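Trainee: Sequence:
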Amino acid sequence: MESTGIHETVYNSIMRCDVDIRKDLYANSVLSGGTTMYPGIADRMQKEITSLAPSTIKIKIIAPPERKYSVWIGGSILASLSTFQSMWISKHEYDEGGPGIVHRKCF
1 MESTGIHETV
11 YNSIMRCDVD
21 IRKDLYANSV
31 LSGGTTMYPG
41 IADRMQKEIT
51 SLAPSTIKIK
61 IIAPPERKYS
71 VWIGGSILAS
81 LSTFQSMWIS
91 KHEYDEGGPG
101 IVHRKCF
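Under UniProt numbering, the residue at position 15 of the sequence shown is numbered 15, and the numbers go up by one with no gaps.
Quick caveat, the hints were computed from the structure, so don't treat them as lab data. Keep in mind that a hint or two might mislead.
[Claimed, not checked] Quick list of simulated restraints, FRET-style, between CB atoms:
(1) D20 / H92: 25 to 31 Å
(2) S86 / Y38: 37 to 43 Å
(3) C17 / T50: 15 to 21 Å
For clarity, every value in this text was computed on a predicted model and none was experimentally measured. C-beta: ideal position from N, C-alpha, C; glycine also.
I would like the entire structure built from these sequences, with the hints used as guidance.
Mentor: As structure tokens, then:
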């Protein structure tokens with residue numbers, strides 16, 4: 001079974017977004033997580049996405065050195081925000097409102 005590469009997944013995700021924000025998404029793709037630690041992955045992503053995107057678009061792949069822990073750091077920051085508590089969904093709320101509660105509370 002074959003699946004699409006990460007570069008195709010990124011490209012397809014950007015193309016599904018509103019046309020007004022695509023340029024910003026292409027210019028601000030951030031790698032995160034331990035699987036992005038392979039040597040040369042940022043350069044390869046840059047090359048692969050550049051080959052898929054319109055030629056007039058600037059592609060920038062950001063690969064912070066601490067990206068192995070970026071997901072945890074982001075979750076930690078999000079959890080520490082006082083406004084984040086208002087988005088929490090308790091088991092009782094979910095049981096009462098079903099999956100639609102996520103859209104009502106979080107978006």
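Trainee: Decide, hint by hint, whether the structure agrees.
Mentor: Evaluated hints:
no.	hint	result
1	D20 / H92: 25 to 31 Å	39 Å, violated
2	S86 / Y38: 37 to 43 Å	38 Å, holds
3	C17 / T50: 15 to 21 Å	18 Å, holds
The structure fails to meet hint 1 from the earlier list, while all remaining hints are met.
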